[in-house]
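Each chain, letter by letter, is given below.
2 protein chains.
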Amino acid sequence: MTSNSRIQCEALLSRVTTAEQAATFITPGSTVGMSGFTGSGYPKAVPLALAARIEAEHSAGRPFRIKLWTGASTGPELDGALAKADGIAFRLPYNSDPVAREKINRGEMDYLDMHLSQVAPVVWQGFLGPLDTAVIEVSGIREDGSLVPSSSVGNNKTWLDRAERVILEVNRWQNPALEGMHDIYYGTALPPHRVPIPLVRPDDRIGTPYLHCDPAKIVAIVETEAPDRNLPFAAPDAAATAIAGHVLEFLRHEAAKGRLPASLLPLQSGVGNIANAVLAGLIDSPFEDMTAYTEVIQDGMLDLLASGKLRMASATAFSLSPEAAARLNANMADFRHTMILRPQEMSNHPELIRRLGCIAMNGLIEADIYGNVNSTQVMGSRIQNGIGGSGDFARNAYLSIFMTPSTAKGGKISAIVPQASHVDHIGQDVQVIVTEHGLADLRGLSPKQRAEMIIGTCAHPDYRPMLADYYRRARGGSYGLHAPSLPGEALSWHQRFMETGTMLC
Amino acid sequence: MTSNSRIQCEALLSRVTTAEQAATFITPGSTVGMSGFTGSGYPKAVPLALAARIEAEHSAGRPFRIKLWTGASTGPELDGALAKADGIAFRLPYNSDPVAREKINRGEMDYLDMHLSQVAPVVWQGFLGPLDTAVIEVSGIREDGSLVPSSSVGNNKTWLDRAERVILEVNRWQNPALEGMHDIYYGTALPPHRVPIPLVRPDDRIGTPYLHCDPAKIVAIVETEAPDRNLPFAAPDAAATAIAGHVLEFLRHEAAKGRLPASLLPLQSGVGNIANAVLAGLIDSPFEDMTAYTEVIQDGMLDLLASGKLRMASATAFSLSPEAAARLNANMADFRHTMILRPQEMSNHPELIRRLGCIAMNGLIEADIYGNVNSTQVMGSRIQNGIGGSGDFARNAYLSIFMTPSTAKGGKISAIVPQASHVDHIGQDVQVIVTEHGLADLRGLSPKQRAEMIIGTCAHPDYRPMLADYYRRARGGSYGLHAPSLPGEALSWHQRFMETGTMLC
Numbered sequence: 322m323t324s325n326s327r328i329q330c331e332a333l334l335s336r337v338t339t340a341e342q343a344a345t346f347i348t349p350g351s352t353v354g355m356s357g358f359t360g361s362g363y364p365k366a367v368p369l370a371l372a373a374r375i376e377a378e379h380s381a382g383r384p385f386r387i388k389l390w391t392g393a394s395t396g397p398e399l400d401g402a403l404a405k406a407d408g409i410a411f412r413l414p415y416n417s418d419p420v421a422r423e424k425i426n427r428g429e430m431d432y433l434d435m436h437l438s439q440v441a442p443v444v445w446q447g448f449l450g451p452l453d454t455a456v457i458e459v460s461g462i463r464e465d466g467s468l469v470p471s472s473s474v475g476n477n478k479t480w481l482d483r484a485e486r487v488i489l490e491v492n493r494w495q496n497p498a499l500e501g502m503h504d505i506y507y508g509t510a511l512p513p514h515r516v517p518i519p520l521v522r523p524d525d526r527i528g529t530p531y532l533h534c535d536p537a538k539i540v541a542i543v544e545t546e547a548p549d550r551n552l553p554f555a556a557p558d559a560a561a562t563a564i565a566g567h568v569l570e571f572l573r574h575e576a577a578k579g580r581l582p583a584s585l586l587p588l589q590s591g592v593g594n595i596a597n598a599v600l601a602g603l604i605d606s607p608f609e610d611m612t613a614y615t616e617v618i619q620d621g622m623l624d625l626l627a628s629g630k631l632r633m634a635s636a637t638a639f640s641l642s643p644e645a646a647a648r649l650n651a652n653m654a655d656f657r658h659t660m661i662l663r664p665q666e667m668s669n670h671p672e673l674i675r676r677l678g679c680i681a682m683n684g685l686i687e688a689d690i691y692g693n694v695n696s697t698q699v700m701g702s703r704i705q706n707g708i709g710g711s712g713d714f715a716r717n718a719y720l721s722i723f724m725t726p727s728t729a730k731g732g733k734i735s736a737i738v739p740q741a742s743h744v745d746h747i748g749q750d751v752q753v754i755v756t757e758h759g760l761a762d763l764r765g766l767s768p769k770q771r772a773e774m775i776i777g778t779c780a781h782p783d784y785r786p787m788l789a790d791y792y793r794r795a796r797g798g799s800y801g802l803h804a805p806s807l808p809g810e811a812l813s814w815h816q817r818f819m820e821t822g823t824m825l826c
Numbered sequence: 322m323t324s325n326s327r328i329q330c331e332a333l334l335s336r337v338t339t340a341e342q343a344a345t346f347i348t349p350g351s352t353v354g355m356s357g358f359t360g361s362g363y364p365k366a367v368p369l370a371l372a373a374r375i376e377a378e379h380s381a382g383r384p385f386r387i388k389l390w391t392g393a394s395t396g397p398e399l400d401g402a403l404a405k406a407d408g409i410a411f412r413l414p415y416n417s418d419p420v421a422r423e424k425i426n427r428g429e430m431d432y433l434d435m436h437l438s439q440v441a442p443v444v445w446q447g448f449l450g451p452l453d454t455a456v457i458e459v460s461g462i463r464e465d466g467s468l469v470p471s472s473s474v475g476n477n478k479t480w481l482d483r484a485e486r487v488i489l490e491v492n493r494w495q496n497p498a499l500e501g502m503h504d505i506y507y508g509t510a511l512p513p514h515r516v517p518i519p520l521v522r523p524d525d526r527i528g529t530p531y532l533h534c535d536p537a538k539i540v541a542i543v544e545t546e547a548p549d550r551n552l553p554f555a556a557p558d559a560a561a562t563a564i565a566g567h568v569l570e571f572l573r574h575e576a577a578k579g580r581l582p583a584s585l586l587p588l589q590s591g592v593g594n595i596a597n598a599v600l601a602g603l604i605d606s607p608f609e610d611m612t613a614y615t616e617v618i619q620d621g622m623l624d625l626l627a628s629g630k631l632r633m634a635s636a637t638a639f640s641l642s643p644e645a646a647a648r649l650n651a652n653m654a655d656f657r658h659t660m661i662l663r664p665q666e667m668s669n670h671p672e673l674i675r676r677l678g679c680i681a682m683n684g685l686i687e688a689d690i691y692g693n694v695n696s697t698q699v700m701g702s703r704i705q706n707g708i709g710g711s712g713d714f715a716r717n718a719y720l721s722i723f724m725t726p727s728t729a730k731g732g733k734i735s736a737i738v739p740q741a742s743h744v745d746h747i748g749q750d751v752q753v754i755v756t757e758h759g760l761a762d763l764r765g766l767s768p769k770q771r772a773e774m775i776i777g778t779c780a781h782p783d784y785r786p787m788l789a790d791y792y793r794r795a796r797g798g799s800y801g802l803h804a805p806s807l808p809g810e811a812l813s814w815h816q817r818f819m820e821t822g823t824m825l826c
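One line per chain: the protein sequences are A and B, in this order.
The first sequence runs 322 to 826 under this note's numbering.
The second sequence runs 322 to 826 under this note's numbering.
Check before you lean on any hint, since a few could be wrong.
[Unchecked claim] Cut-off 27 Å, straight-line C-alpha distance, at most; resulting in silico cross-link-like pairs (BS3-like, lysine-lysine):
{"#": "1", "chain 1": "A", "residue 1": "Lys578", "chain 2": "B", "residue 2": "Lys538"}
{"#": "2", "chain 1": "B", "residue 1": "Lys578", "chain 2": "B", "residue 2": "Lys630"}
{"#": "3", "chain 1": "A", "residue 1": "Lys769", "chain 2": "B", "residue 2": "Lys405"}
{"#": "4", "chain 1": "A", "residue 1": "Lys405", "chain 2": "B", "residue 2": "Lys578"}
Treat the hints as calculated values from the structure; they're not laboratory data.
This is chain A alone, in the form it adopts within the complex (with noise of 0.2 Å):
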């Protein structure tokens, strides 16, 4: 008995109830996967009944919290809720949330920062355990009790083949245009099983476009119309329409020299201001018929995709604004045909961005003058987001980009650092990197080599002297001279800031 025809399966009826009520079946200390990618297709009232459940048991003295799964990032009413009544003991595999980061880097809660193509096979391979619940967001449930995904993929195919039972939350929201959008791959296996995936072009078409489900481990179904957490459009300032220009600038020299075609090749870009501005950068490019291949289709991507530039997009999940959502819903009709949305597992896989080729083009914290950049930690100990699949397209990627202004807190920090003080892309993964200031190729040079570079062309005058100075008398005082140091003054920038709220002396 329902109102929503998006259930469309007679024999999973009698599952539809409340959150309330699907929330009781996840117990304390149990694991719980969940559907969520860049606030993207999370689940939006299983957790806050969950969340409510477990503020109700701490309020009676009981103990009551989750090991958490997802895709990536989620919404406040998932990873905020639940961070909120902290119920979360253990996260992964990434998180956004300004709640849940608290709580990790109070050392309130347990955070495993994963490559995000990793996170299917390694719940596959066993070790982190059983996976007694999943609560995956749908846009519908067919006849044949097949599952309509929804505005992200994530690593649900895994969730609901690996959980012992699983909640559904039908989410009439999403456009029901989403339906044919997705290519569920289920060739998967673990070794020696594992056979090549047979994808080569980004808008080939490898599995089905639903998921499938055991229906009996359907404990739940509860009906949704919720909107997806859109963020709001980060228009691009001076420093982002300086770096897009470098970047533009050195894709149109590369296929100058025949290293690119006319076409580039498919396009990994992650969200923000940054990438919003080199993606519209390239609707005045001379560049056509261009793929994209990667995490999220964000704003940028869509306009691409419209100005007719872009002729396909393939991704896990969207991330778009407000406005660009009410966009795409409007005239999905028209895009539809442009997109594929993937597993995460398929999305992130380094057999696929290195059989394609991708130009990956990622942000960062910081980098240091060897190009050993730091994308995930703030003095070496704070965890921002998380890794995602930074690391998955930067060493695979046939052209690896890593953008950023070159100073943050209003110039108190320097993204260009004497060394990094944590390191998730080591130097052979970072090929290019962009500050407002300039392109530093990096391609081909030794150590050295780079240094001169980064700290000439990347680094914000006010710190370049400091940095010259760096590197001038770690030349005279290293224990080698091939990527000179001084371990004793190393991180002394960071330290600095953490002493007087500034990396200037």
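Given chain A, put chain B in place with the hints provided.
Below, chain B without anything else, positioned relative to chain A:
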């Protein structure tokens, strides 16, 4: 006119000449791609002749240096002689020669330390510039001009394809039974034309046993009869034996849990006494019908093949002691069908390592309490050898194990430090760390959980209280508590070693 029956191609006999004459084809400032991988299959005559020529030019006041590319390390007749002659301006992708190492660490030679799987594709991308001359050791030239590879494959296919001119060394010291052992895959391409690599088992053959080279490019052929650089066998000491014991216990445990098959998964193993101890231990283990998919076949791998427990080994080169090389040569008929040598682009390909699910076992210089590993730069600045294939394997392996004695330099250096002075392998790629004191299974652990396990399990007792003290204070004074650190102190152990000769207080 030749006494060497290894040259069967009539049309090429006219190119046979002396090493001195061949070396004249190499000009100052040019880029030279030579064969050679872990001291196997490198040219032995032309580099010596080139070094003599360079020394003569230098004596005459004329500059003469080259850019040198290889597979990996070579021998004293190549890296040693050319470095001694101050003839190398730039070197990639790997070096272990002591003379060249000193030049690099005195800042007299530029060195680009690369992931070994990426050398060939990066050279095809073209931004490293043209390859002027290839100098390749082969073990024979067939009637049709095809080349029988030598005791390593490395990047030879790419050098032969890309070089403007080619010099061959035909080494009759190499066993003629090498013919047929190689598998040279000619299916690579630049994107967007890459396709799946059709290898699904370590013993699959996907190419041809021979290298091809346009005969018009062959400007000189030099006959040699000279042994590979065969390093003495490093016998396991007590620490290596203890480490091997921990690793074998762990593998048995994983198999008992059903997370590894009874034949394990394809083994990758570095070289040295710890690797040999692990491989020796596998002879007496319950595992049968094992395979190896690795970079090099070292002594321990040969013993394991001889025992019948290892069914076959795929690699790109041999790395044998003089005794093992003699044993292999004497029994080549028995061994040859159990071994395949491939281009390093294939032996180390992320696509293949991930698909096969390799068990990666590598050494390290230091690991920090969060499991970030430094494999290359002593005290953060002094290059030891290079990252080699460890990044290719560690990130894509089914199991990524790093092994090290807990101290070096008679206890004056701790292999476990508060913060790695350089990072080659980020925590995400380091699943297990083993010292003689124990094995830390870090899979699924958050940074703080990792720190407690690494300090408590792997560190030497002399350093354990110092590490525990640092970690305790970091938990009190860190910017964030995700991965507590004290930037002002994190590298002080390295500074202390540089100043006092020991990391101990």
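Exercise for the section: With a cut-off of 27 Å on the C-alpha distance, tell me whether Lys578/A and Lys538/B pass. Expected result: Holds, at about 25 Å.
Handout entry: Given hint Lys578/B paired with Lys405/A - CA-CA distance at most 27 Å
Key = 37 Å, violated
Practice task
Would you check the hint for Lys578/B and Lys630/B, treating anything up to 27 Å between C-alpha atoms as holding?
Solution key: Between Lys578/B and Lys630/B the Cα gap is close to 21 Å, so the pair holds against 27 Å.
Practice task
For the pair we were handed, Lys769/A and Lys405/B, check the Cα-Cα distance against 27 Å.
Solution key: The given pair, whose Cα atoms are some 22 Å apart, holds under the 27 Å limit.
Violation of the numbered hints given earlier is confined to hint 4; every other hint is satisfied by the structure.
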